[in-house]
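Visitor: For chain A, the structure is supplied; the task is to place chain B on it using the hints.
So the protein sequences, as listed, match chains A and B.
Residue numbers for the first sequence follow the numbering used here, so the first one is 10 and each next one is one higher.
Residue numbers for the second sequence follow the numbering used here, so the first one is 196 and each next one is one higher.
Simulated from the structure, these hints should not be mistaken for lab results.
Please note: incorrect hints may appear among the correct ones.
As the list claims (entries may be wrong) - In silico lysine to aspartate or glutamate, EDC-like type, Cα no more than 20 Å apart, as pairs:
no., chain 1, residue 1, chain 2, residue 2
1, B, K317, B, E268
2, B, K377, A, D301
3, A, K64, A, D102
4, B, K241, B, D314
5, B, K241, B, D270
6, A, K288, B, D549
7, A, K35, A, D105
8, B, K302, B, D517
9, B, K365, B, D411
10, B, K302, B, D256
11, A, K288, B, E483
12, A, K64, A, E223
13, A, K35, A, D102
14, A, K288, B, E551
15, A, K113, A, E196
16, A, K64, A, E226
17, A, K288, B, D479
18, A, K288, B, D495
19, B, K302, B, D520
20, A, K294, B, E434
21, A, K152, A, E141
22, B, K317, B, D264
23, A, K64, A, E26
24, B, K377, B, E442
25, A, K288, B, E434
26, B, K532, B, E563
27, A, K288, B, D453
Okay, here's what each chain looks like letter by letter:
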Amino acid sequence: MTAAATDPATPARQIGETLIDVDRLKVHFPILSGIFQRESGRVRAVDDISFEIRKGETLGLVGESGCGKSTTGRAVIRLRNPTAGTVRFDGHDLMDLSRGELRKMRRRMQIIFQDPYSSLNPRMTVGSIISEPLETHDLAAGKARIERVRELLALVGLNPNYTDRYPHEFSGGQRQRIGVARALAVEPEFIVCDEPISALDVSIQAQVLNLLVELREKFGLTYLFIAHDLSVVRHISDRVAVMYLGKLVELGPPSAIYDAPGHPYTRALLSAVPIPDPKAERRRKRVILTGDVPSPANPPDGCRFHPRCWLYERLGRPEQCRTEDPELRTVATDHRAACHFAEEALQSDIGVAHMATDKVRHGTPQSATAGLAAEHAAEASAAAAALDDSGTGSPNEPSAEV
Amino acid sequence: MSVSDDPSRVAGGPALTDLPDDVSVATEEGRRLAEQLADNRRHARKLLEVRNLSTHFYTRDGVVHAVDDVSFELDYGETLGIVGESGCGKSVTALSLTRLIASPPGKIVSGQIIFDGIDVLKLSNEEMRLLRGKKIGFIFQDPMTSLNPTLTIGYQIAESAKTHLGLSRKAADDRAVELLSKVGIPRSRERMGDYPHQFSGGMRQRVMIAIALACDPMLLLADEPTTALDVTIQAQILELIRSLSDEFGTAVILITHDLGIAAGMCHRINVMYAGRIVETGLVDDIYEAPRMPYAWGLLDSLPRLDEVKGARLRTIEGMPPDLIDPTSECRFAVRCKYVHDRCRSEEPELTPRDGEGHMARCFGTEPEGWIQ
Numbered sequence: 010m011t012a013a014a015t016d017p018a019t020p021a022r023q024i025g026e027t028l029i030d031v032d033r034l035k036v037h038f039p040i041l042s043g044i045f046q047r048e049s050g051r052v053r054a055v056d057d058i059s060f061e062i063r064k065g066e067t068l069g070l071v072g073e074s075g076c077g078k079s080t081t082g083r084a085v086i087r088l089r090n091p092t093a094g095t096v097r098f099d100g101h102d103l104m105d106l107s108r109g110e111l112r113k114m115r116r117r118m119q120i121i122f123q124d125p126y127s128s129l130n131p132r133m134t135v136g137s138i139i140s141e142p143l144e145t146h147d148l149a150a151g152k153a154r155i156e157r158v159r160e161l162l163a164l165v166g167l168n169p170n171y172t173d174r175y176p177h178e179f180s181g182g183q184r185q186r187i188g189v190a191r192a193l194a195v196e197p198e199f200i201v202c203d204e205p206i207s208a209l210d211v212s213i214q215a216q217v218l219n220l221l222v223e224l225r226e227k228f229g230l231t232y233l234f235i236a237h238d239l240s241v242v243r244h245i246s247d248r249v250a251v252m253y254l255g256k257l258v259e260l261g262p263p264s265a266i267y268d269a270p271g272h273p274y275t276r277a278l279l280s281a282v283p284i285p286d287p288k289a290e291r292r293r294k295r296v297i298l299t300g301d302v303p304s305p306a307n308p309p310d311g312c313r314f315h316p317r318c319w320l321y322e323r324l325g326r327p328e329q330c331r332t333e334d335p336e337l338r339t340v341a342t343d344h345r346a347a348c349h350f351a352e353e354a355l356q357s358d359i360g361v362a363h364m365a366t367d368k369v370r371h372g373t374p375q376s377a378t379a380g381l382a383a384e385h386a387a388e389a390s391a392a393a394a395a396l397d398d399s400g401t402g403s404p405n406e407p408s409a410e411v
Numbered sequence: 196m197s198v199s200d201d202p203s204r205v206a207g208g209p210a211l212t213d214l215p216d217d218v219s220v221a222t223e224e225g226r227r228l229a230e231q232l233a234d235n236r237r238h239a240r241k242l243l244e245v246r247n248l249s250t251h252f253y254t255r256d257g258v259v260h261a262v263d264d265v266s267f268e269l270d271y272g273e274t275l276g277i278v279g280e281s282g283c284g285k286s287v288t289a290l291s292l293t294r295l296i297a298s299p300p301g302k303i304v305s306g307q308i309i310f311d312g313i314d315v316l317k318l319s320n321e322e323m324r325l326l327r328g329k330k331i332g333f334i335f336q337d338p339m340t341s342l343n344p345t346l347t348i349g350y351q352i353a354e355s356a357k358t359h360l361g362l363s364r365k366a367a368d369d370r371a372v373e374l375l376s377k378v379g380i381p382r383s384r385e386r387m388g389d390y391p392h393q394f395s396g397g398m399r400q401r402v403m404i405a406i407a408l409a410c411d412p413m414l415l416l417a418d419e420p421t422t423a424l425d426v427t428i429q430a431q432i433l434e435l436i437r438s439l440s441d442e443f444g445t446a447v448i449l450i451t452h453d454l455g456i457a458a459g460m461c462h463r464i465n466v467m468y469a470g471r472i473v474e475t476g477l478v479d480d481i482y483e484a485p486r487m488p489y490a491w492g493l494l495d496s497l498p499r500l501d502e503v504k505g506a507r508l509r510t511i512e513g514m515p516p517d518l519i520d521p522t523s524e525c526r527f528a529v530r531c532k533y534v535h536d537r538c539r540s541e542e543p544e545l546t547p548r549d550g551e552g553h554m555a556r557c558f559g560t561e562p563e564g565w566i567q
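Only chain A is shown next, with the shape it has when bound in the complex (with noise of 0.2 Å):
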């Protein structure tokens, strides 16, 4: 029973195997400090976490910032050299290889990144920033690699013509495609999606999201997808990771995790993303989370989230979670949350009380689009009829009488 299976809503994609899988990956960054840079403590970035992504699926990584979901996904495609733990992609161990190994294998896992700005270099064209990975893993020459350029150009949705122009003639959203078309130049399998909307405005992001989506389809890609918006995420994935303070809190498919969750930061988390309805804004129960995000310097004993969780507080503070790391558990088929009392948790209407009630959604009246194609059927057949009154006019020629 694939995650996929339980969700209705997604067509019939191929999910296989496990095609990552993450073992105990722990990433720390030393604290240097004095004049010998001796180390004086630990950013515990990412600790310990495990998961599998599955071939063909998209998992979505959703966490506040600094929780380590950026690191993660650079981890997962050793750009960034774990502390501890394994990855191994498609039963390879990507620790073991060697440089020139490495490269090969990144022929299979690319990245999107986040900021369109930053991430393309401004001294190059558009046609070289696309070449780059193809050059590098002589994938093709010459006019071919020509051709492959304008090709992905299209692919993304972009003017092939535009191969001589340079980053800074385009928008945000073009630049994210010119990001997506670098990362599609070598054919990957995988793709770490790292924020790749996030910088962009409401309407530019749902083209980008829906290329995402499209490419998806097209080439059976697998991606793991970082995004601190969780309506995005509900949006694209087949299963969703949530992150808080390094740890893994809760897996599983987005039914469980936006309509069940069985994490007490979870059901914090989905209260607080707005919902753009005034009258469901109105009826939702909301816990407001007290204080910051603890440093990952120093995170809290127990179960890290405990000092800002309104469970802990409802169930009178019970030891368990000051002193017991709480492991990631099964709580249900395919879902699994890291609280000592997720139970409890399944039961609150936290988070989730708005969605019980009937959903509207507001946007275009279907007058509208009923009246829009009544209108492009009229304008069809007026056409058409038109055609058929120049009577001797030949189809190619309609317009004769202008």
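Guide: Same frame as chain A, but now just chain B:
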């Protein structure tokens, strides 16, 4: 939600009129402003009236019509949302209201701004300075760059209270401590001596709010106040703004690109596109019965938290137009699915629709239009 009928506020609120003859109003300008305020308050109905405001930027490439003929009103104690994408003119509108447009290249070329009965564009710079800070508080997007990194936060909050309320050093410090605890900063007295870098992003934004509220302003201008913050911190800050606005009856203009935030915070919404208000109305009307294809497009293109994974998002194709020498067509025409010839030859006016104060700028959705 008007508090204009609250007698304590209208008559005896902490207005400039009631201030002692101290430094801040001892100047000739200050006195004049105070008298004008008192005089105008008796007649003023709205806290803010903006009429036909246009702000242009004179650049090397041409004149950018950043805000073009914008008119709106704001009641006492009301929260108005200005929503739109980047470059639509929402921030420039807010900066124009307080004459904070960098000049050159920017210039308010026409229009009238009546704030609490005062014609803002006619004030001298000195009078304007008194009005800002005292009557209008600001919260900007980036709390790191809007605080002075070399001064303690206690000093920065107290400074405003000292300058505008004429409090003594000690009284101003006490006021700062009180404000800090009001905005939810624990151990506020100890933290007075801390510098901005010692606070997290959310805490810095709380400090900004404390500064903005130091003089009990009548209007709070919040320009993307939570965009740089995480979602749980965002919820804290929004809740804080909401409760403080209720408690003090402060009117709020909330500028945001996030339709979710606007839905939860605002009484009324102005939707801006390419320097124009394209739709305005009560929050429920704007979300439930929008009458402008751009507003539909914005709502359509949002992935929603309460929606199961769906099909393709409907997007608005293309990009906003260049604001240099805008053409005489409807500015949304090139991206509009419902466009007719008329939209390309003339620009529609804001005309009334169903619902209180609901207006839209679209030929198609006018009563005799082609979109129903």
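Visitor: If a hint holds in the structure, say so; if it does not, say that too.
Guide: A quick look at each hint next to the structure:
Proximity of B/K317 to B/E268 is assessed by CA-CA distance (about 19 Å); at most 20 Å being required, the pair is judged to hold. Restraint check for B/K377 and A/D301: satisfied, since their Cα atoms lie roughly 17 Å apart, inside the 20 Å limit. A threshold of 20 Å between alpha carbons decides the hint, and for A/K64 with A/D102 the separation of about 17 Å falls inside it, so the pair holds. Of the supplied pair hints, the one linking B/K241 and B/D314 holds, its CA atoms being roughly 13 Å apart against a limit of 20 Å.
With a C-alpha separation of about 5 Å, the suggested pair B/K241 and B/D270 falls inside the 20 Å cut-off, and the hint holds. Among the hinted pairs, A/K288 with B/D549 is consistent with the structure: their alpha-carbon atoms are about 19 Å apart, no more than 20 Å. The hinted pair formed by A/K35 and A/D105 meets the criterion: a straight-line CA distance of about 16 Å does not exceed 20 Å. A C-alpha spacing of about 18 Å is found between B/K302 and B/D517, which places the hinted pair at or below 20 Å, so the restraint holds.
In summary, the hint linking B/K365 to B/D411 is supported, as the alpha carbons are separated by about 18 Å, within the 20 Å threshold. Distance check on the hinted pair: B/K302 and B/D256 sit about 16 Å apart at the alpha-carbon level, within 20 Å; holds. For a cut-off of 20 Å, the pair hint linking A/K288 to B/E483 stands: about 9 Å separates their Cα positions. Only pairs whose Cα atoms come within 20 Å are accepted, and A/K64 paired with A/E223 is accepted, the gap being roughly 17 Å.
Between the alpha carbons of A/K35 and A/D102 the distance comes to roughly 15 Å, so the proposed pair stays at or under 20 Å and holds. At most 20 Å may separate the alpha-carbon atoms for a hinted pair to count; A/K288 and B/E551 meet this at roughly 17 Å. With a C-alpha separation of about 12 Å, the suggested pairing of A/K113 with A/E196 holds against the 20 Å cut-off. For the suggested pair A/K64 and A/E226, the alpha carbons sit about 13 Å apart, so the restraint of at most 20 Å is met.
Between the alpha carbons of A/K288 and B/D479 the distance comes to roughly 8 Å, so the proposed pair stays at or under 20 Å and holds. The suggested pairing of A/K288 with B/D495 holds, with an alpha-carbon distance near 17 Å, which does not exceed 20 Å. Proposed proximity of B/K302 and B/D520 is supported: the alpha carbons are some 16 Å apart, at most 20 Å. Note on A/K294 and B/E434: the hinted pairing holds, with a Cα-Cα distance of about 13 Å set against a maximum of 20 Å.
This hinted pair checks out: A/K152 and A/E141 have alpha carbons roughly 14 Å apart, not beyond 20 Å. With a CA separation close to 18 Å, the supplied pair B/K317 and B/D264 stays within the 20 Å bound. A hinted pair counts as satisfied when its Cα atoms are at most 20 Å apart, and A/K64 with A/E26 qualifies at roughly 6 Å. With a C-alpha separation of about 11 Å, the suggested pair B/K377 and B/E442 falls inside the 20 Å cut-off, and the hint holds.
Using a Cα cut-off of 20 Å, the hinted pair A/K288 and B/E434 holds, with the two alpha carbons roughly 17 Å apart. For a cut-off of 20 Å, the pair hint linking B/K532 to B/E563 stands: about 18 Å separates their Cα positions. Between A/K288 and B/D453 the CA atoms are separated by roughly 16 Å; this keeps the pair inside 20 Å, and the hint holds.
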